[in-house]
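Dock chain L against chain R, hints included.
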Amino acid sequence: MEYTQQDFKSSMEIKWCPGCGDYAVYAAVQRALPVVAKELNYTRERFAFVSGIGCSSRFPYYVNCYGFHGIHGRASAISTGVKVANPRLSVWQITGDGDALAIGGNHFIHAIRRNIDINILLFNNQIYGLTKGQYSPTSKLGMVTKTSPYGTVEHPFNPGELIIGARGTFFARSLDVEIKLSTEIMTEAAKHDGTSVMEMLVNCVIFNDKAHGYISDKENREDRTIVLHHGQPMIFGKNRDRGLVLDKENMQLKVVEIGRDGITENDILVHNAENQDTGIHMMLAGMKMPEMPVALGIIRNVKDKTYDDNVRDQLEEVKAKAKVHCVDDLLHSGATWEVE
Amino acid sequence: MDITKRVEIDDVVIRFSGDSGDGMQLTGTLFADTAALLGDGVSTFPDYPAEIRAPQGTVSGVSGFQVHVGSGVVRTPGDYCDVLIAMNPAALRANAKWAKKGATVIVDADEFNEKTVQRAGFSTLDHFEELGLQDSNVIFAPITSLTKESLKDSGLDNKMIVRSKNMFALGICYFIYDHPFDFTFKYFKNKFRKKPEFIEPNKKVLVDGYNYAANTHAHANTYKVVSQKKEKGTYRSISGNQATAWGLIAAAEKANLPLFCGSYPITPATNILEELAIHKNLNVKTLQVEDEIAGICTAIGAAFAGNFAVTTTSGPGLSLKSEALGLAVMTELPLVVVNVQRGGPSTGLPTKTEQSDLSQALYGRNGECPVVVIAASTPSNCFHYAFHAGKIAMEHMTPVILLTDGFIANGSEPWKIPAMKDYPSICPPIVHEGDTEYKPYRRDELRLARRWALPETKGLEHRIGGLEKDFITGEASHDPINHQKMVDIRAAKVARVQDFIPNQEIIGDADGDLLVVGWGGTFGHLFSAVDDLQHEGKKISLAHFNYINPLPKNTGEIFKSFRKIVVCELNMGQFADYLRTEFYNIRFEQYGKVQGLPFTVVELKEKFRQLLK
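Just so you know, the protein sequences line up as chains R and L, in that order.
Taking our numbering, the leading residue of the first sequence gets 338, the next gets one more, and so forth.
Taking our numbering, the leading residue of the second sequence gets 11, the next gets one more, and so forth.
Just chain R, same shape as in the assembly:
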């Protein structure tokens, strides 16, 4: 059957602040789910949304499918359990920069390492919103918050570098306002076998307004971001006149202008999201303004055996050799003796 957006909306009243970036991600999810259901032939009861704690973690209440609102930081562990218990489910994990990268950092990296087939939406607003404005592991160095009145003295994580460093098989990035791009990314993430992490740069209108303003600003967005597409040259800019090349001398990416110094479109790097090697993906994920555009779209999408596949294969192997087929067999296995 075909679903509409309405089918995935629960009756629960949404309680995010007016203007919160989470609404835009919610809209993208509502658009993506009917497409995912159709393309993967999933019925609604096969979707499960699992979250931790934080503003974004309220998300499962608002989606009409199976949902579990967990505890702070543990969403990756809970969703892992759900997926292993029933591999037929399409499991979506909702988490934030505090939930996934601070208190839940351990579970997060290990889910990625296992490459378990779950889709993780990481809402990154670079602040703790639900506790009313303390710095997070992605807050920029020097940021003034309630717990850093003189500015933070900590370096932030770049989630993409962390994920690719853990050899994540799928990493994509989008902006809350880019609903169309977010929808595309979510659809691809669902199709990807293995852990898919989507970093959603969201705006916290109350405690960290315009944290991503430099790139989300409509006027300059096309000049300050680059949307990557597998197999396409890495070209960006309002006039589509700038691109990325590899600066071989320094082994790093460099922005060039097409048409200047004899550079043509043929000189521009072509994005290969399916390259197993993490080198270029790491560089793309690490690009920072103002020197470089911020990469959006699917940065890495590689095939590898998933945890689910390995579990299934091993089980087949064990079953083929097993001599014990039920608990009665088990109790009588090994050394036993009779008392007459």
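What the hints contain is simulated information worked out from the structure, not anything from laboratory work.
All of these numbers come straight from a predicted model, not from anything done at the bench.
Since no wrong hints were added, every one of them can be taken at face value.
Restricting the straight-line Cα-Cα distance to at most 27 Å, the calculated cross-link-like pairs of lysine-lysine (BS3-like) are:
hint : chain 1 : residue 1 : chain 2 : residue 2
1    : R       : Lys375    : L       : Lys468
2    : L       : Lys125    : L       : Lys158
3    : R       : Lys528    : R       : Lys346
4    : L       : Lys468    : R       : Lys346
5    : R       : Lys656    : L       : Lys204
6    : L       : Lys449    : R       : Lys352
7    : R       : Lys658    : L       : Lys201
Computed beta-carbon distance windows for the label pairs:
hint : chain 1 : residue 1 : chain 2 : residue 2 : range
8    : L       : Asn513    : R       : Thr484    : 53 to 61 Å
9    : R       : Val542    : L       : Ile482    : 34 to 42 Å
10   : L       : Phe138    : R       : Ala657    : 53 to 61 Å
11   : R       : Trp674    : L       : Arg619    : 33 to 41 Å
12   : L       : Glu515    : R       : Lys352    : 53 to 61 Å
13   : L       : Glu378    : R       : Val542    : 34 to 42 Å
14   : L       : Phe510    : R       : Trp674    : 29 to 37 Å
15   : R       : Lys352    : L       : Asp445    : 24 to 32 Å
Glycine included, every Cβ here is placed at the ideal spot set by N, Cα and C.
Here is chain L on its own, set in the frame of chain R:
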């Protein structure tokens, strides 16, 4: 001519001791398993250091394994030993205190020299006098050099040869206690099936040890434990951790659900996870996760998705799981948490036994957060209580903490194998498609359990989580009266389990001068002490608890009929305090011990005699 005399005995306690790399656990296990196969009653007690290979020849690195073999039912590994095998001076020094007066002490003479004796911390040259062993029957056997001689043509290198010396010592014991070789030979064949060159040398050393003892008349007498007639059936030897793992698998099979275990290695609980991991073909999924919290959280996720979910741990791990246990209470999902208790607090005594996590199990969470707590009391009944932990968790939709401890987890005993057809069915309240009346928190009146709607069931999509729930719909609710109702109903649901557990039994008369109260792994010692005093004509009885929260219905009644009550436990009075809260008008004496060791029957009897005066 054989001048040794065969003496028939009722029971014997043997303690094997050596460096932690000397293979004493294996040696003791082989002796115990052979005795079990002969139909004797057996109880074992591994006593090993926390370090895998502590410094050689030092007292801190000594590993011990005590075996109690008896003609009838053997309930404890014995307080003190009749035979002490000490593979070096440190082992002798560490274990002398466990030797009975006049015990046989077998030492490896090759290991006794100035250097090793000094390393073991002896201050004089007369070690036996120094340890008070002057009355014992000491057999100075040159075990290392005889093992070398025995295997000089085996083709094995010197290191491997010396490693076989434990089998020489075992051979000596086999002679003294008239044990056949078959079982041990079979063990070698299986153990070394990939390294067959080790099979013959091990057999040879074992036989040579036996012959050495026979030829040198190492012991004036040899002994034969004469088995009493046991209940007819098929028996096996089983340890507490193995029984726990199998009981969980059995519960999953009866419920017809996959078993999911999310866990993190921790002494002394690890081999439950290891055992479960072997049996994947019995619909068992094991996940060794990144930490204790992930252990319980993956299990909660699996419970939400419809598996019978468990997590296994020991004290410090239970501390880490506390918050998530609250989530399982709030979401009212079935979950079994196995806590194999060890000495605490903090890292404490990881390889030693204790019962000091009872308060943590009962109360160690934020909020009003009751869970069912039950405790196994012998190695083999870990199967029974693991099974029932699963049954209660799934049928009552609640987390259950199953307490065992290092003593029963590592100890083993013969077990009459039950048939699964004699175990009750397990019927979790799973909701099926088409149930239009389903509300996530609507309950059945009998158990007050909510129903279990599994993801992938059409039409039952719902959301749950750690926020307080609406009484019926399960949606997040901050309503004050609703919160009170939910706290009340969660408590009532756990209390209601009382209607589904057996009454508390009393061993002995239902009234008398002294009621001994215990729980969990101290059963064998408490029973033996009480049994002895009952035979002396004392009016003493034992009430040993397996169901802790809720307590059996008749608990209060039992207490009323005794002049004195003493609660004995391996902590500073946690069960006693719990009983005082529940039965505030009854006086409970308490007897606690926190030395990382089980009670001894001797000290218990002394205490009971005092109380009976």
